[in-house]
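Engineer: Here are the chains, one letter per residue:
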Amino acid sequence: MADLTSDFIGIKSPNPFWLASAPPTDKEYNVRRAFDAGWGGVVWKTLGEAGPPVVNVNGPRYGAIYGADRRLLGLNNIELITDRPLEVNLEEMKRVKRDYPDRALIASLMVPVNEEAWREILRRVEDTGCDGVELNFGCPHGMSERGMGSAVGQVPEYVGQVAHWCKKHSDLPVIVKLTPNISDIRKPAQAAMEGGADAVSLINTINSITSVDLDLFAPQPTIDGKGAHGGYCGPAVKPIALNMVAEIARDQATRDLPISGIGGITTWRDAAEFMTLGAGNVQVCTAAMTYGFKIVEEMISGLSQWMDEKGMTSTAEIVGRAVPNTVNWKDLNLNYVAKAVINQDECIKCGRCYAACEDTSHQAISMSPDRVFEVIDAECVACNLCVNVCPVENCITMEAMAAGTTDPRTGKVVEADYANWTTHPNNPGACAAE
Amino acid sequence: MKDTALTPGITAGRLPPEDYAENFSDLHAPLDRHEALVAADRCYFCHDAPCITACPTAIDIPLFIRQIATGTPEAAARTILTQNIMGGMCARVCPTETLCEEACVREVAEGKPVLIGQLQRYATDTLMEAGVHPFTRAALTGKRIAVIGAGPAGLACAHRLAMHGHDVTVFDARKKPGGLNEYGIASYKTPNDFAAREVAWLLKIGGIDIQTGQRLGDGLELLQLKADFDAVFLGIGLGGVNALNLEGEDKDGLRDAVDFIADLRQASDVAAVPVGRDVVVIGGGMTAVDAAVQAKLLGALNVTLVYRRGRDRMNASPFEQDLAASSGVRIITGATPRGIIGNGAVREIEFEYTDDDLTPTGQTFRLAADQVFKAIGQSLQGEGLPKLEGRKIAVTGAGRTSVDGVWAGGDCAAGGDDLTVTAVAEGRDAAMDIHASLTNAG
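Protein sequences appear in the order of chains V and U. Be aware that the first sequence starts at 1, since it is given in our numbering, and climbs by one per residue. Be aware that the second sequence starts at 1, since it is given in our numbering, and climbs by one per residue.
Just chain V, with the same shape it has in the complex:
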């Protein structure tokens, strides 16, 4: 069985599955349960300054969107950082780390943007024996209105500055948690790196309104008739997170910057995907909040099995494997021609491929009176929509046309050579291939 031991910026954990800083990691009781369940690490719920703790709303904190059968696809929250006294959290962290020395324990921090505040919190956190700190520059609600969280993360200069202070005042590894509520995720990542951060983690939650109560005419979750935007997470945000992770992993400036991947990770497969796009480990929250801590067992067994099947012995072998294959559009091979193929034995004749293609695409699927659906190669542009809407996995597939055959749609012979947009005759800026 594959060795899942993880070493992320020098922080060791028995597996690469950490729980993200969030409600599941707010106190000792939960974290002990998480470690007992098998989680490799925990990023403790974000600590603020000493003194009176923040307060939360006393109404609903979460909103949700659902898929079929009320499967939770996206969760939105308006909870703030820990609302328990700093001292209590620090004592609990110390006890937990003492009892689970092989697990990673990271302190998530959020204090105002001044050097003294960061120096002070770091001093106190170091005493817990934690393995590192994560700077919460991501939280998009509540704290951002007070100049913290994503209000910092959206200004690369602040990100770099605070990272610098933290490295200056502590020997602990520093992870900067990034907000996705920014137009170019590479900028704060570069700033964190320049400030001396050891790693970035992303994504934090996305500004969101999950739904509107159509009786109250108010956003949900609704507090006494009003709603505020919250932070969106869960399976629905995974594609956004994957892209942002890949952006950083592909960027010349940050390609060597370690990444802790976060965003809708629900299964071992999601975790593996994040790691192939450059994440050294992953953090999970919504899946645990939906199904409980036990899911880590599936993540461990699944990743192990897949690694065995791929002949990988270390999680480090996964990291970045898909990065070289993540390119810009202009680098895609325009000589690659595929056609949809419908497996008639698998087809259950629902006709969704037909409706999708006929109404919204290229009229490339025919329907016979007895409901046989067939691809019209002369019309098919291989857009993949039929594959996406088909309820039967692998019933419709995209098959590449062999070089030398003729594409009945264009009448052109499929060429074996790679050729992209940069050399395409239709491109006004094309450079002639020489």
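Hints may contain errors.
Derived CB-CB ranges, DEER-like [unchecked claim]:
| # | chain 1 | residue 1 | chain 2 | residue 2 | range |
| --- | --- | --- | --- | --- | --- |
| 1 | V | Pro391 | U | Ala138 | 38 to 48 Å |
| 2 | V | Gly411 | U | Thr439 | 48 to 58 Å |
| 3 | V | Asp370 | U | Ala325 | 51 to 61 Å |
| 4 | U | Ala325 | V | Pro391 | 48 to 58 Å |
Calculated directly from the structure, the hints in this document are not laboratory data. Here a beta-carbon is modelled for each residue, glycine too, at the ideal position from N, C-alpha and C.
Following the hints, complete the assembly by docking chain U onto the known chain V.
Structural biologist: Same frame as chain V, now just chain U:
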């Protein structure tokens, strides 16, 4: 001594009183909101969906299920009722396993169709329980139509005509409207007087006058009706019951299954309906199964259903056959009744095994029987009807008969299965044709 299952002869009260309510409660408990949402989620919203094609009334099933899934069962009900005004009853009695649910692509994919029938019931129940009748009448046309028979075909026809502004008088031979919905369907399929409630709800459209106790040929004459009304629709069903044509058929204990079923439906207390200890039902259709299962539910000790051909030829669907078997009904196939034995009252029935093509084998057997129900089919009754095709009224197009101005639909008309849903479709379509011909003429 109190009567029990072992008591010989035909008697009531074979079961402890509390068992009757349980035995005659809903065959399928209605879906609650959560169950309906889970079931609705499974619909794929197929293109030109096979379930619609399989429905005799062509209800837009994917649309109504999507309306349920999005929290508007009232809109779903309107989608259903627009096509099938008796969608509530059809949700209960349709053999969905051979119609929409058989065609469901998830039946193809997983052997587990979307629960279309139960979802239809959820939607229609929601609207009917709110007391809402979602249709209104068009401007009055001044045209008057006579509908003969207040069964599914007649009522569907009447409702559609009333909606288009015509005035309708519905005549029915029985004391209550509803036809087979009221008299001919097993009690556990339509408990709580649903048939009567559905008729009352349907009549909320207005413009429909129901005249009960009026039988065609018995003071009510087709020629006179033709003269008195602008059009006539015949939805008279099949009033006659086929005979065994055996000696001794008049012995005590032999009954038509339809009468037994009607007795159960009309009984204020099913515990008071007598049933034999050894019951034999002869026939292989829905009526035979309804009678056999209910005899068992009343506490009969032995109930045997005997059909002359093989199981695959039975008109009762596989689901109905399984229901009978799981209720404790013994099913014997390939046997034809040959003799009725008994002195005054039936005591035994003799059968002869037959081949697939009904060739006698010479092998006979006898079944103890203190009660025998005949369910070997019903037949059209009446004189002076339009031209027949076979044993039913010949129709062309949407129910046009050989007599100008007279339409027919439902079980009495040739073509189509003898199902509630088919009757509704035929009544509805005839109404549209009547409407077209009356308005074109006017």
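Engineer: Would you say the C-beta atoms of glycine 411 of chain V and threonine 439 of chain U sit inside 48 to 58 Å of each other?
Structural biologist: 56 Å, holds
Engineer: How does the Cβ-Cβ distance of alanine 325 of chain U and proline 391 of chain V compare with 48 to 58 Å: does it lie in that range?
Structural biologist: At roughly 34 Å between Cβ atoms, proline 391 of chain V and alanine 325 of chain U fall outside 48 to 58 Å, so the hint is violated.
Engineer: When you take the CB atoms of aspartate 370 of chain V and alanine 325 of chain U, is the distance between them in 51 to 61 Å?
Structural biologist: 34 Å Cβ-Cβ, so the 51 to 61 Å window is violated.
Engineer: Given a hint of 38 to 48 Å, does the C-beta separation of proline 391 of chain V and alanine 138 of chain U actually sit inside it?
Structural biologist: 42 Å, holds
Violation of the numbered hints given earlier is confined to hints 3, 4; the remaining hints are satisfied by the structure.
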